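Undergrad: Residues per chain, in single letters:
Protein chains: 2
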Amino acid sequence: MQISIAQINPVIGDISYNTNLICETISNNKSNNNKNIKSDHKLIIFPELALSGYPPEDLLYNPTWPEQINQSLKKIQSICNKHKTHALIGHPYWVKDNINNNICINAASLISPNLSPDLSANNNTIKIIAIKTALPNYGVFDEKRYFTSYQDIKNADKICDNTFTINNTKFGVLICEDGWCLNKAKQLKEKNIDLFIQINASPFEINKHKIRHHHALNITKQTSIPLLSIQTIGGQDELIFDGGSFITDKNHNIKILSPYFKTNISDLPLDSLLQKFNNNQNNLSHNLSHNLENIYQAIILGCQDYFRKNNFTGALIGLSGGIDSAITLALATKALGKENVKAILMPSEYTSELSLECALAQIKTLGVSYANISITPIIKELKKSLSDSIKLYPESKNLALQNLQARARGLILMAESNLCGKLVLTTGNKSELAMGYATLYGDMSGAFNLIKDLYKTQVYELSKFINKKFNSQIIPNKVISRAPSAELAPNQTDQDSLPPYDILDKILIEIIENNKSINQLKNMGYNNQTIDLVISKLKFSEYKRKQSPLGIKLSKRSFGKDWRYPIALRI
Amino acid sequence: MQISIAQINPVIGDISYNTNLICETISNNKSNNNKNIKSDHKLIIFPELALSGYPPEDLLYNPTWPEQINQSLKKIQSICNKHKTHALIGHPYWVKDNINNNICINAASLISPNLSPDLSANNNTIKIIAIKTALPNYGVFDEKRYFTSYQDIKNADKICDNTFTINNTKFGVLICEDGWCLNKAKQLKEKNIDLFIQINASPFEINKHKIRHHHALNITKQTSIPLLSIQTIGGQDELIFDGGSFITDKNHNIKILSPYFKTNISDLPLDSLLQKFNNNQNNLSHNLSHNLENIYQAIILGCQDYFRKNNFTGALIGLSGGIDSAITLALATKALGKENVKAILMPSEYTSELSLECALAQIKTLGVSYANISITPIIKELKKSLSDSIKLYPESKNLALQNLQARARGLILMAESNLCGKLVLTTGNKSELAMGYATLYGDMSGAFNLIKDLYKTQVYELSKFINKKFNSQIIPNKVISRAPSAELAPNQTDQDSLPPYDILDKILIEIIENNKSINQLKNMGYNNQTIDLVISKLKFSEYKRKQSPLGIKLSKRSFGKDWRYPIALRI
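Same order as they appear, the protein sequences are chains B and A.
Each residue of the first sequence is one higher than the one before, starting from 1 at the first, in the numbering used here.
Each residue of the second sequence is one higher than the one before, starting from 1 at the first, in the numbering used here.
Next up, chain B with everything else stripped away, as it sits in the complex (with noise of 0.2 Å):
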């Protein structure tokens, strides 16, 4: 027997899309052309809710999503049909309830090919084998909102039991999270099955796949018997799902069977899989890249299905000299190529010598178009036309003008954008959304941010990173060793605001990830002062972070859909 595993990119509520990927994946399938595969000897596996695209969020409303699942499956039905193959595909699907209400599942079906001799019977071979028990309703999961589980549901067991069987082989299914909770494995355990099938749309956080390793190799111990995990691929919006598919052996080791970062079908025999494989430490560590080589590859691919599945192709990138914006705009190059690629200058008085010659020495390095429009003449005038409330309050005529260049700029980077068509990134790195160190409608303008999850000290070590990667100053080393500055009045420093980044990231990890209240960051020897500081500017910049264009999630804790808190609040 043959499996096949499609860690394929699916576009969130394009049915008819994900669709025909998965149909063109199971007809370019190489088993079909082995000769040595009897017919219903095949069997190609899909991630979860692969129909729909993870997370569906309130999609999953739309009244005429039933119907439209149904025709996919049959429309997925005519093509294992041609091949003769079967797939176990994830997908939103709608039952009714005991007071016959319509309730959604995070289901799976086998669709097996139709191998009675007449077609026409039209035998129906699509037959749901799993509904989700588990349902994350954390972090950035709100399934519990769309999805009734397995064990909410009156005969569950009739409609299927999460298992089914190929030539003999039985295998026992698996809906992401259930691979997290033992319960439910041991249950299948008793059912006498061979393989876990565990389907997956797990999203990338920094060290995320050891997790799920930890939990595969759990069932694996307490069960003896192999996992195959099937994860999902792609960008969508503030979510990268990295691949890695993986099976665990009796021996307790992971295989690695799919790329990282990369669409991929792996087509193999069942018994290969089933042999205890050697310990293959090798290949576990050759596909578990350096951290920061993740954190490049899930920037890569985040940026570029957000630019490929919103049908935009070009980027704006507004190129201050300073470190944020030479980072984006070498990501934003290497994701979307130069020539889609545009930097915007645009100094002020405050604008160094420094600044404007990193910034043309980049440009230079990447090969990127550029244009330079100064904000002085702007901002004169718009001085001239607040002259009144300047003269009246003088006491906030320095933030205020701070202020009216990050705007200054934020306006014509979305009039270029308007223009020439091309999405504006924004370059606010983690530390500085923490603090509300950025102007809202100023350089917070834009459509997405791909460092908006790394840390200031990320940033640097990133940098450095990919200099190294690619032997080359894409970011310019005078970039990263000169001092942060936002260069908005004169000799200006972050610091001169900000605690220095090594002690103020390391608090800022302690309190978003790590959950720690003030007496434990003061038993950790932080300076109370800093301490409060710090937690008093998180608390008051909330409501600039709830107009924050979106970013990618790299940490466990990203200021995104797993960071929810009111804005009128006092702490």
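The hints are simulated quantities; they were obtained by calculation from the structure and are not laboratory data.
Everything numeric in this text was worked out from a predicted model, so none of it was measured.
Just so you know, not all the hints are guaranteed correct.
Identical copies go unnamed one by one, so any copy, or any two together, can satisfy a pair.
As the list claims (entries may be wrong) - Here are the simulated SDA-like cross-link-like pairs (lysine to any residue), alpha carbons at most 20 Å apart as the crow flies:
id, residue 1, residue 2
1, Lys539, Gly421
2, Lys96, Asn340
3, Lys546, Asp562
4, Lys539, Ser387
5, Lys380, Thr351
6, Lys556, Leu60
7, Lys546, Gly436
8, Lys383, Tyr370
9, Lys561, Leu60
10, Lys210, Asn20
11, Lys464, Ile128
12, Lys391, Tyr370
13, Lys144, Glu57
14, Lys561, Glu143
15, Lys397, Gly421
16, Lys537, Pro63
Assemble the complex: chain B is given as a structure, and chain A must be docked to it using the hints.
TA: Same frame as chain B, but now just chain A:
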């Protein structure tokens, strides 16, 4: 026995403020001075999650909250002792599950006075009475993200059984949504309770009070037990809690005990609550006013509380001479007082005489301060700066120049805000936001939007209602009667780009609030082209809504927490 209903307005996250508010409410309660009431014969009832405010969202992850809540309960206990009163209070709480993990519950505790002669005995008089069972996780609600349901806690009945008895009267406690499911009420009926007490944090929407009444009457009908429903009051970001605490009697009547949209403490003998009351249709109609009055009150309360809870007093509004900014100015002035509101006129070459006339007339009527800052010189300067790109992309020139004007105005408003310290109110209505007929970082720049959830036709209705209510042209009649225009191009009207608002709004309501499909809309007789245009614009403008400021939820489904769509999608 005396029952007090404390319809209070907590501040999210400010446990100390909320504790003091509860303590003061107990201390100031009339029944404390009523010598006819025996000790131990007084009960004061506070709403759901009164100690934290609702919805606390991720603040529930704050590691210091369990201890803070315990301290608060002890502080309230000392006040209950002093005034010899019982208090029933909603609050989050943390208990150990069967594997010793901390789980969070949505609880209600009864704090009883220590009547022992030896006060130093320090009897534990704080007791958890109820744990919420029905956790809403739809619409604006995410309770399953945070709380564990009563039914999912092993041995929950050992913690509490949702009843308590004072002076031989047995009370059954329902927490908000628990009262929307008959099961829980039927279980409590079997415990021979005399009265249901339902504590709520139930957000306003048009006609929501009717749904609350429906469920309460249903419980009384099925159980023959009256239900006393205590509501929260106040604005919290996009949500308004509208009050109107009530009781049902055995005749299936509703009696409103506390006013809508106002903090209130009602103090009543239990006997009067348990009596059948007369068929009081009058009472009902007196309290449930016309929808437009409810909408008006909700906006006023929402505006006041957003400013108060964020420690701001003043509002800035860009006044165009059109109806959206006119109604916003009128509402803000009523909510905050004319001394706290400033209008900014920002005319351009496309601004009509009528617009200026209308704006100045309204400023005079309302008596608010204003500034007049022409954007013409700024636009001239911007065009000069952008001239290279404008020449390069002549086909996008019109779009870019229109947005430029909106963004220059946004920039001026934000600069004024930075200078004078007032918050900018944006003025886009729901129809515009649905269609993307608004400029990001332009007219969408601001902290809060009073009419975000009003369709354009509702903006007209509410304007007429307000003028009638105050018997004055608070919104000039000429603004109401003129054709709507963004005035960003010569002789422009909204209907150049959009279907007529009376048709558009009907289609939008069917899609957004009634979840109708394209085919259903066609069957209703709407024009195919119009439907396609509306759906495509609605979908394509999601990126604008994601960055839009908060606004007050008024409808069944607003563009807030109850509207969750991906940006990168194809439908």
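Undergrad: Hint by hint, note whether the structure agrees.
TA: So, going through the hints one by one against the coordinates:
{"no.": "1", "hint": "Lys539 with Gly421", "verdict": "between (36 Å within a copy, 19 Å between copies)"}
{"no.": "2", "hint": "Lys96 with Asn340", "verdict": "neither (49 Å within a copy, 55 Å between copies)"}
{"no.": "3", "hint": "Lys546 with Asp562", "verdict": "both (13 Å within a copy, 15 Å between copies)"}
{"no.": "4", "hint": "Lys539 with Ser387", "verdict": "neither (32 Å within a copy, 42 Å between copies)"}
{"no.": "5", "hint": "Lys380 with Thr351", "verdict": "within (16 Å within a copy, 24 Å between copies)"}
{"no.": "6", "hint": "Lys556 with Leu60", "verdict": "between (26 Å within a copy, 18 Å between copies)"}
{"no.": "7", "hint": "Lys546 with Gly436", "verdict": "both (11 Å within a copy, 19 Å between copies)"}
{"no.": "8", "hint": "Lys383 with Tyr370", "verdict": "between (27 Å within a copy, 18 Å between copies)"}
{"no.": "9", "hint": "Lys561 with Leu60", "verdict": "both (18 Å within a copy, 16 Å between copies)"}
{"no.": "10", "hint": "Lys210 with Asn20", "verdict": "neither (33 Å within a copy, 47 Å between copies)"}
{"no.": "11", "hint": "Lys464 with Ile128", "verdict": "neither (50 Å within a copy, 56 Å between copies)"}
{"no.": "12", "hint": "Lys391 with Tyr370", "verdict": "between (37 Å within a copy, 16 Å between copies)"}
{"no.": "13", "hint": "Lys144 with Glu57", "verdict": "both (11 Å within a copy, 16 Å between copies)"}
{"no.": "14", "hint": "Lys561 with Glu143", "verdict": "both (13 Å within a copy, 15 Å between copies)"}
{"no.": "15", "hint": "Lys397 with Gly421", "verdict": "between (35 Å within a copy, 11 Å between copies)"}
{"no.": "16", "hint": "Lys537 with Pro63", "verdict": "between (44 Å within a copy, 19 Å between copies)"}
Hint compliance for this structure: hints 2, 4, 10 and 11 are not met, and every other hint is.
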